[in-house]
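Residue numbers (my numbering), protein chains in the order written: chain L, 1 to 216; chain F, 217 to 926.
Just so you know, the hints here were simulated from the structure itself, not pulled from any lab data. Note that the Cβ used here is the ideal one computed from N, Cα and C, for glycine as well. Warning: the hint list may mix true and false statements.
[Unchecked claim] Pulled a few chain F residues facing chain L out of the computed Cβ check, cut under 10 Å: (1) 268; (2) 272; (3) 658.
[What the hints assert, rightly or not] Below, a list of computed lysine to any residue pairs in the SDA-like style, where the Cα atoms sit at most 20 Å apart: (4) F/467 <-> F/747; (5) F/705 <-> L/21; (6) F/528 <-> F/797; (7) F/608 <-> L/11; (8) F/607 <-> L/140; (9) F/476 <-> L/6; (10) F/467 <-> F/418; (11) F/459 <-> L/21; (12) F/705 <-> L/15; (13) F/808 <-> L/86; (14) F/607 <-> L/11; (15) F/459 <-> F/581; (16) F/705 <-> L/162; (17) F/619 <-> L/140; (18) F/222 <-> F/274; (19) F/715 <-> L/6; (20) F/705 <-> L/11; (21) F/270 <-> F/305; (22) F/346 <-> F/359.
Here's the letter readout for the chains.
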Amino acid sequence: MKFYWERETSTGVCSLGAVPGSYDSHPLISNLLIDYIPRLVGNPRISVAFTLAFSSSISGEIEFPSKVGPELAAGVQRLLEPTAVSVTPIDLEPSQFTYGENVFVLNYASDTQPEVTWAGFDSPRCIGLNLTDMSDSFSAQYRNEVLSVPTNAGLFATMNNLGQFSHEPFIAVAVMLSEDYDVGTIRLPKGTLLDENLRRVGMLLQTCGMNLELQP
Amino acid sequence: MIIQEKDISVVIGFKDWGVERLLISVKSILSSFGELEGEVIVSDYGSVVDSNVKNLVEDLGAKYVYTETDGKWSRSRALNAGFAESQGRVLVSTDADMLFSPSAMETIGRRVLSDPGEALVLQCRDLPKKYDSVGILAAGMDWDAFERSSTLRPRWGMGGMMAVSRATFLLLRGFDERMEIYGGEDMDFAQRVRWSGRRLSWISDDTVRMFHMWHQPTRTETSKTLEGRQAIEFNRRVVLEDKSIIRNVVKWVHKPADAKPIASVVISTKDRAEYISDSINSVLAQTVEDIEVIVIDDGSTDGTANVVQSFKDHRVKYHFREGAGIASARNYAASISLADFTVIHDDDDLMFPDRIENHFASLEAGVAGTYGGWIDFDHSTGEVISSNPGKKFSLEALLFSGKVFAHATLMVRTELIRQVGYDFRLRSGSDYNLAIRLARSGAVLVHTNHFHLIRRLHERQVTHLDTAVQKASARLISTLGMQSIRPGKQRVLRTEFSKAPGVAVTGDSDPAALILPYLPDHLVARRLELHLEKGSQLPARLSDRDGFKYVSTQDVLNRGPIEIEATLDDASWDDIVALRGAEISFTIVYAKRRADFIVEYPQITDQMLPVLHRLIVGDEEPGKGTMRLICIGSSDLFPDTVPDANSHYRSASKNESVDAISFILSDGENVKLKLSQLGIDPIGVYIELQRPKLNEQGQYNWKEAVSLVS
């Protein structure tokens with residue numbers, strides 16, 4: 001699978017896409033769309049976002065737009081097991097990646113809002129990230145420490161995963177927005193239970209300098 | 217219907233090959249299920265050699281399915297015939313010469329059960345010559361020895377084993393039944409699996425092995441025959457050129473009992489008793505038969521219920537609800553639809569008969585739905601008001617251009633409607649609203665390059681009655697849809713898309729001719745030519761119809777073959793539906809707007825003339841039955857007015873000037889006497905029996921259809 005992205009499409013959204021290879025599936029919704037134009041996104045984070053977005057479609061070869069470190073490549077392979085994948089291009093030279101101080105508190109339920117409170121100067125700043133259904137919401141906005149961003153991640157997750165819900169496309173969106181908000185930790189919505197798959201997602205996020213947590 | 221009682225079903229296609237190899241293969245698979253509930257099905261596709269295969273297979277504990285064939289081998293059809301009888305949640309296809317290691321099928325089955333979004337293939341290992349069926353039986357199942365002595369085959373095709381979830385198989389409607397002999401059917405199936413959103417994985421597990429038992433190759437023999445070469449070439453073209461995901465659309469011969477209809481046609485209606493019959497008939501007349509028609513009555517009070525319930529076709533499902541609006545009705549339809557695809561249809565429109573077939577032909581990878589052009593006609597005159605091919609679908613086109621597509625031309629994945637949904641708060645305009653929201657959500661819709669329907673323009677259309685509301689709802693969603701587009705960019709897009717051309721559509725050069733045969737019955741007279749075959753069962757309503765004619769002619773002097781010509785004049789939509797239901801194919805050979813009628817003469821075809829001229833005038837009584845007497849001669853032979861004459865015929869021949877008249881002959885009436893009474897002295901006479909009698913087998917006896925008299 002070969003990945004590409006457009007920071008801003010002609011309709012004013014950010015789009016992540018993929019060209020399927022010999023064994024990949026063809027996603028029914030081909031592009032992960034975010035109604036927000038990200039300003040800063042480092043290559044490792046984009047590669048992680050691609051992997052999370054298209055994890056249910058990948059089999060065989062993965063080609064990222066830029067080189068990735070061996071740890072990130074290993075994290076990708078671990079996430080997709082038992083499906084066998086090979087990752088290119090690999091960069092064996094060590095390189096710096098961006099860290100972040102803040103926390104995204106995720107919410108993607110339509111009837112709730114992320115709970116964010118200020119815990120003082122010595123605590124990381126929590127920013128609610130409300131990912132709303134793009135078919136029913138228009139334009140991103142920031143208010144009272146909550147960033148609301150329309151995305152098709154929900155539809156992308158269910159239509160490309162045989163109707164099964166999946167967290168990964170939502171986490172991919174959070175990764176794409178994280179650098180602009182100096183975010184290094186993504187906190188999953190309340191009630192999310194840690195399973196083997198999310199544990200592997202967490203390990204993959206670590207390879208681009210991020211962390212995944214559950215809400216207490 | 218739920219029939220999944222097994223975890224895994226393995227189907228082997230078979231015909232007259234090495235029975236020993238087959239039995240070794242079956243035994244190895246039966247031993248590889250582990251703790252899973254598994255079954256092996258041997259699908260014998262037309263074996264002619266009586267080798268007691270059935271008993272031998274069943275003695276092992278496997279299932280045996282036999283299919284009568286015309287002698288042609290088709291691996292695709294053989295596998296489908298086996299899967300039609302399967303009960304597994306995981307379906308595996310393989311061949312009769314493969315040997316599976318212990319626990320192989322357990323591993324394969326568990327993996328697909330845990331992730332139905334993955335299809336599995338397995339690389340084949342070729343055993344050396346010493347391990348033919350005899351060698352294997354002599355050596356026993358020495359798996360270590362097989363491992364050491366085998367060679368890994370490259371990833372040609374799909375290796376010889378493919379495992380998919382049952383849901384995947386049913387969605388794709390199995391292997392393509394057009395493909396014959398073998399070669400390419402598994403590649404074709406595998407790429408359709410991927411196009412449908414499932415990934416393909418080669419199993420890399422040391423405990424899962426598939427060994428190919430040695431035998432003399434058969435493909436070279438097959439490719440020596442012309443028929444074999446043609447089949448292999450056809451298969452190759454299917455693999456390379458046919459990008460459609462779903463096959464066996466018009467007819468899936470070997471269909472499992474739990475397969476869902478291919479499409480749910482949804483008609484939301486309110487107080488359209490006058491038009492809805494035509495709308496439903498045009499659906500039932502589709503070339504695709506395996507559908508359901510969901511009619512949601514949004515609170516009609518005009519007798520719509522009676523009209524819809526008068527359809528006795530089990531595919532028509534009527535649901536009455538208190539009026540809640542068309543959007544709500546369509547959402548409800550999506551919630552009860554059985555099919556994975558929803559075809560939108562309006563209660564006052566008529567579909568072209570190949571509409572649903574065309575939808576699926578264009579349904580390719582990454583496509584959420586397909587749409588086509590539409591032609592507006594005047595309900596009172598049948599005149600074409602406008603021909604609308606539609607434009608390429610995109611959010612930009614919807615926002616900055618017009619007439620991109622009509623909602624009623626759309627087929628879309630039902631799940632997408634469930635997920636996105638119509639905005640029930642909109643009294644009208646919810647269709648445009650949905651289109652914008654689908655486009656914004658990243659759904660890709662593609663044009664089929666065909667017209668899909670004819671749209672009836674009448675005074676009670678929503679567009680006429682609710683224009684203000686429709687415009688307001690369109691303005692709201694357009695405004696929202698443009699929110700993220702910078703104003704400067706909007707100007708550029710408006711300029712670009714306002715000039716967007718229409719899509720090239722078949723038949724666009726003469727839309728009036730295209731719609732003519734399919735206009736409502738009050739606007740058009742049609743003649744159908746029926747393609748009857750020996751044993752065809754005519755629907756009862758047709759044999760009683762006035763306009764139904766059939767002629768069975770035979771050159772009695774030269775003992776020529778009996779030729780059947782059957783036509784139906786003034787055929788209605790009801791007649792067309794009845795013919796479809798009876799699986800009688802037909803061609804609309806003639807259609808004319810009733811408004812254009814002055815005097816119309818049905819024509820004697822050129823093919824009929826030689827036979828008619830050779831008719832021998834004898835003394836035979838015509839026998840009982842209602843008959844039409846046709847007298848042939850030049851027009852001056854006939855009196856100006858012939859009592860009871862009900863039609864005139866004019867020869868289609870350019871070289872001969874032959875006219876004819878016809879009239880009904882009463883039961884048992886003497887023809888010679890009748891002609892004498894009328895003062896007619898024709899050069900030839902022949903009689904059509906209007907209603908052929910059923911013989912003892914309940915079939916029409918075409919030989920009795922005509923008598924020669926003087």
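(message) When the structure is checked against the list of hints, which entries are broken? Sort them ascending.
(response) 1, 2, 5, 8, 9, 10, 13, 16, 17, 19, 21
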